[in-house]
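Given these sequences and hints, build the entire structure.
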Amino acid sequence: MTKPSLPQGTRDFGPETVRKRNYILQTIRAVFETYGFQPLETPAMENLSTLLGKYGEEGDKLIFKILNNGLDRPEKEQDTREAFEKVLQGKNSIQLTERALRYDLTIPFARYVAMNHQQLTLPFKRYQVQPVWRADRPQKGRYREFYQCDADVVGSRSPLNETELALIYHEVFTRLGLTGYTLQVNNRQILAALANRCGGPEKMTDITIAIDKLDKIGLEKVKEELAQRGLSENQILLIEEYLAVKGTNEEILSGLDKLVGHDPAGAKGIAELRTLLQSLSGSLLPTPGSSLPSPGSRLIIDPTLARGLNYYTGIIFEAKAPKEVKMGSIGGGGRYDDLTGLFGVPDIPGVGISFGVDRIYDVLEELQLFPADVFVGTQVLFFNLGAAESARAFALLQGLRQKGIRGELYHENLKFDKQFKYAEKKNIPFVVILGEKELGEGRCNLKDLRSGVQHSLTWDELMETKFTER
RNA sequence: GUGGUUGUAGCUCAGCUGGUUAGAGCAUCAGAUUGUGGUUCUGAGGGUCGCCGGUUCGAACCCGGUCAGCCACCCCA
Numbered sequence: 001m002t003k004p005s006l007p008q009g010t011r012d013f014g015p016e017t018v019r020k021r022n023y024i025l026q027t028i029r030a031v032f033e034t035y036g037f038q039p040l041e042t043p044a045m046e047n048l049s050t051l052l053g054k055y056g057e058e059g060d061k062l063i064f065k066i067l068n069n070g071l072d073r074p075e076k077e078q079d080t081r082e083a084f085e086k087v088l089q090g091k092n093s094i095q096l097t098e099r100a101l102r103y104d105l106t107i108p109f110a111r112y113v114a115m116n117h118q119q120l121t122l123p124f125k126r127y128q129v130q131p132v133w134r135a136d137r138p139q140k141g142r143y144r145e146f147y148q149c150d151a152d153v154v155g156s157r158s159p160l161n162e163t164e165l166a167l168i169y170h171e172v173f174t175r176l177g178l179t180g181y182t183l184q185v186n187n188r189q190i191l192a193a194l195a196n197r198c199g200g201p202e203k204m205t206d207i208t209i210a211i212d213k214l215d216k217i218g219l220e221k222v223k224e225e226l227a228q229r230g231l232s233e234n235q236i237l238l239i240e241e242y243l244a245v246k247g248t249n250e251e252i253l254s255g256l257d258k259l260v261g262h263d264p265a266g267a268k269g270i271a272e273l274r275t276l277l278q279s280l281s282g283s284l285l286p287t288p289g290s291s292l293p294s295p296g297s298r299l300i301i302d303p304t305l306a307r308g309l310n311y312y313t314g315i316i317f318e319a320k321a322p323k324e325v326k327m328g329s330i331g332g333g334g335r336y337d338d339l340t341g342l343f344g345v346p347d348i349p350g351v352g353i354s355f356g357v358d359r360i361y362d363v364l365e366e367l368q369l370f371p372a373d374v375f376v377g378t379q380v381l382f383f384n385l386g387a388a389e390s391a392r393a394f395a396l397l398q399g400l401r402q403k404g405i406r407g408e409l410y411h412e413n414l415k416f417d418k419q420f421k422y423a424e425k426k427n428i429p430f431v432v433i434l435g436e437k438e439l440g441e442g443r444c445n446l447k448d449l450r451s452g453v454q455h456s457l458t459w460d461e462l463m464e465t466k467f468t469e470r
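Each residue of the first sequence is one higher than the last, beginning at 1 in my numbering.
Derived from the structure by calculation, the hints contain no laboratory data.
Since this is a predicted model, take the numbers as computed values, not measurements.
Be aware that one or more of the hints could be misleading.
[To be verified] Result set (DSSO-like, lysine-lysine): computed pairs, CA atoms no more than 30 angstroms apart in a straight line:
1. Lys203 / Lys213
2. Lys320 / Lys125
3. Lys437 / Lys403
4. Lys203 / Lys223
5. Lys86 / Lys61
6. Lys246 / Lys268
7. Lys61 / Lys91
8. Lys258 / Lys223
9. Lys223 / Lys268
10. Lys203 / Lys246
11. Lys426 / Lys415
12. Lys203 / Lys125
13. Lys221 / Lys140
14. Lys437 / Lys418
15. Lys246 / Lys258
16. Lys61 / Lys213
17. Lys213 / Lys223
18. Lys320 / Lys216
19. Lys320 / Lys223
20. Lys54 / Lys268
21. Lys203 / Lys61
22. Lys426 / Lys437
23. Lys86 / Lys65
24. Lys258 / Lys213
25. Lys320 / Lys20
26. Lys54 / Lys223
27. Lys320 / Lys213
28. Lys426 / Lys403
29. Lys323 / Lys140
30. Lys65 / Lys54
31. Lys320 / Lys203
32. Lys54 / Lys320
33. Lys20 / Lys426
34. Lys421 / Lys20
35. Lys246 / Lys323
If you want it as structure tokens, here you go:
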């Protein structure tokens with residue numbers, strides 16, 4: 001008998017954890033719905049060919065591959081051995097593995113759109129909340145199985161989409177109490193323009209990977225890395241100038257304009273950021289007396305933001321937890337002009353965002369932002385004080401359940417002490433005590449465990465009780 | 001994938017240069033307390049010291065391997 005254990009990087013979620021996660025997910029779903037997004041689910045596994053090559057070389061390594069069934073069949077032995085040789089040489093072989101676990105939600109969505117675009121009314125706005133798997137080494141805030149919540153719009157080039165997605169971030173984080181979040185934005189077009197001035201489009205990946213690390217490793221190291229990646233001194237100088245663009249959003253925009261504004265891509269990128277900025281500041285009716293920050297105030301234009309995924313082509317987002325929590329990114333997204341092109345369906349542009357639920361959970365936990373009522377499951381516990389008493393209690397309980405009250409009858413006639421402690425442990429706010437005396441009088445005692453206050457009620461009065469907090 | 005670090009009761013951790021029977025707090029259970037919980041007091045149960053191997057008269061402790069957690073790098077949510 002071996003001790004039971006979990007695969008590396010996976011977790012069980014106990015009742016309390018699930019409640020807290022649901023609180024986050026319901027908040028996000030509700031906001032998605034208010035913006036007209038519709039739910040979608042796709043299978044846990046995809047054909048490996050659907051996923052390979054979509055996440056870069058590193059990404060391919062992190063895809064969990066599923067071993068084919070039936071490899072032990074004798075008549076296939078020769079094929080299997082050859083396939084295994086290929087794997088030893090670092091190649092993938094569909095002889096051994098033709099399916100893999102979903103790595104993110106965006107590519108499966110693109111696959112879905114490519115397969116169904118004729119039936120979909122465009123623009124199609126969907127949201128998706130499902131687990132994804134990555135064969136990464138686990139560490140803080142990083143798991144091998146985790147949930148993503150994505151919202152994407154495909155079939156529209158309107159900048160309204162970017163505005164709405166930014167507002168969704170704002171609405172969700174505000175509702176969750178994470179008012180100190182920041183939304184970093186940049187535009188791939190600007191990075192493309194920079195690459196054009198530094199050796200051409202093929203240098204874009206090298207440049208973005210290096211400058212993305214600026215706040216982590218510092219300017220000198222970034223310059224070293226750029227040199228390593230084959231950029232000339234002049235080009236590095238130009239990038240240094242680019243990285244030196246700082247200040248308010250307006251100042252950054254005009255700084256960028258000087259550097260790459262004459263490039264068509266650069267000009268386009270800058271204009272798109274301007275549009276986003278303006279539409280956000282115009283998006284709210286003034287609410288007198290509100291101390292909540294406005295969406296525009298949380299937006300930071302960050303020229304160093306690059307994001308690893310290569311399919312982004314326009315505006316890119318990255319949501320960061322409030323500074324006091326060392327967590328980094330809690331969401332990200334961007335515009336991709338031709339994602340379904342990978343699946344043979346060109347000209348369907350899209351833009352999407354993603355929430356990192358597990359990280360948001362950790363942040364809310366650390367900042368103690370879960371509301372108290374998240375922890376209440378059962379609202380009322382009926383004490384079990386004998387056969388006749390509990391029969392009456394059960395009837396009353398059923399009446400309350402029909403009214404939507406969450407209640408339980410204690411399972412055995414044990415002493416008070418036990419029954420009280422059960423209520424306490426389960427965080428049940430109310431108990432109903434209905435013993436021999438109360439049974440005779442047609443009454444019961446309702447006790448609020450938090451205040452310790454107890455009232456005597458008739459059974460009819462009990463049925464009208466709401467059992468809400470205080 | 002690379003490097004560092006940790007692994008002792010359900011949980012958090014002590015455990016000296018290797019030396020008889022491995023401890024504490026919290027939690028659990030029982031009692032004080034058979035219709036009023038949270039406090040208090042008393043007592044009890046609970047461990048192949050992650051796993052496998054090696055060194056030694058003797059290993060929780062030293063060595064090797066392995067698995068898992070954490071941290072950093074790579075990358076990323």
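Results of checking the hints against the structure:
Note on lysine 203 and lysine 213: the hinted pairing holds, with a Cα-Cα distance of about 16 angstroms set against a maximum of 30 angstroms. Using a Cα cut-off of 30 angstroms, the hinted pair lysine 320 and lysine 125 holds, with the two alpha carbons roughly 24 angstroms apart. Between lysine 437 and lysine 403 the alpha-carbon distance is near 27 angstroms, which keeps this suggested pair within the 30 angstroms criterion. For the hint linking lysine 203 to lysine 223, the alpha-carbon distance of about 14 angstroms falls within 30 angstroms, and the restraint holds.
A threshold of 30 angstroms between alpha carbons decides the hint, and for lysine 86 with lysine 61 the separation of about 15 angstroms falls inside it, so the pair holds. A threshold of 30 angstroms between alpha carbons decides the hint, and for lysine 246 with lysine 268 the separation of about 20 angstroms falls inside it, so the pair holds. Simply put, lysine 61 and lysine 91 have alpha-carbon atoms about 11 angstroms apart, close enough for the 30 angstroms limit, and the pair holds. For a cut-off of 30 angstroms, the pair hint linking lysine 258 to lysine 223 stands: about 22 angstroms separates their Cα positions.
At roughly 27 angstroms between alpha-carbon atoms, lysine 223 and lysine 268 fall within 30 angstroms of each other, so this suggested pair holds. The hinted pair formed by lysine 203 and lysine 246 meets the criterion: a straight-line CA distance of about 24 angstroms does not exceed 30 angstroms. For the hint linking lysine 426 to lysine 415, the alpha-carbon distance of about 17 angstroms falls within 30 angstroms, and the restraint holds. About 34 angstroms separates the Cα atoms of lysine 203 and lysine 125, which puts this hinted pair outside 30 angstroms; it is violated.
Restraint check: the Cα-Cα separation between lysine 221 and lysine 140 comes to about 25 angstroms, which is no more than 30 angstroms; the hinted pair holds. Pair hint lysine 437 plus lysine 418 holds up; C-alpha atoms about 20 angstroms apart against a cutoff of 30 angstroms. Proposed proximity of lysine 246 and lysine 258 is supported: the alpha carbons are some 13 angstroms apart, at most 30 angstroms. Proposed proximity of lysine 61 and lysine 213 is supported: the alpha carbons are some 21 angstroms apart, at most 30 angstroms.
Of the pairs offered as hints, the one joining lysine 213 and lysine 223 holds, with about 11 angstroms between alpha carbons and a cut-off of 30 angstroms not exceeded. A threshold of 30 angstroms between alpha carbons decides the hint, and for lysine 320 with lysine 216 the separation of about 15 angstroms falls inside it, so the pair holds. This hinted pair checks out: lysine 320 and lysine 223 have alpha carbons roughly 25 angstroms apart, not beyond 30 angstroms. Between lysine 54 and lysine 268 the alpha-carbon distance is near 26 angstroms, which keeps this suggested pair within the 30 angstroms criterion.
Between lysine 203 and lysine 61 the CA atoms are separated by roughly 23 angstroms; this keeps the pair inside 30 angstroms, and the hint holds. Using a Cα cut-off of 30 angstroms, the hinted pair lysine 426 and lysine 437 holds, with the two alpha carbons roughly 27 angstroms apart. This hinted pair checks out: lysine 86 and lysine 65 have alpha carbons roughly 15 angstroms apart, not beyond 30 angstroms. At roughly 24 angstroms between alpha-carbon atoms, lysine 258 and lysine 213 fall within 30 angstroms of each other, so this suggested pair holds.
For the proposed pair lysine 320 and lysine 20, the alpha carbon gap of about 20 angstroms is at most 30 angstroms, so the pair holds. Straight-line distance between C-alpha atoms of lysine 54 and lysine 223 comes to about 28 angstroms, which keeps the hinted pair within the 30 angstroms bound. For the hint linking lysine 320 to lysine 213, the alpha-carbon distance of about 15 angstroms falls within 30 angstroms, and the restraint holds. Among the hinted pairs, lysine 426 with lysine 403 is consistent with the structure: their alpha-carbon atoms are about 21 angstroms apart, no more than 30 angstroms.
Restraint check: the Cα-Cα separation between lysine 323 and lysine 140 comes to about 17 angstroms, which is no more than 30 angstroms; the hinted pair holds. Using a Cα cut-off of 30 angstroms, the hinted pair lysine 65 and lysine 54 holds, with the two alpha carbons roughly 15 angstroms apart. Between the alpha carbons of lysine 320 and lysine 203 the distance comes to roughly 28 angstroms, so the proposed pair stays at or under 30 angstroms and holds. The suggested pairing of lysine 54 with lysine 320 holds, with an alpha-carbon distance near 25 angstroms, which does not exceed 30 angstroms.
As the CA atoms of lysine 20 and lysine 426 are separated by approximately 15 angstroms, the hinted pair is consistent with the 30 angstroms bound. Distance hint between lysine 421 and lysine 20 is fulfilled; the C-alpha atoms sit about 23 angstroms from each other, no more than 30 angstroms. A C-alpha spacing of about 19 angstroms is found between lysine 246 and lysine 323, which places the hinted pair at or below 30 angstroms, so the restraint holds.
Checked against the numbered hints above, the structure breaks only hint 12 and satisfies the rest.
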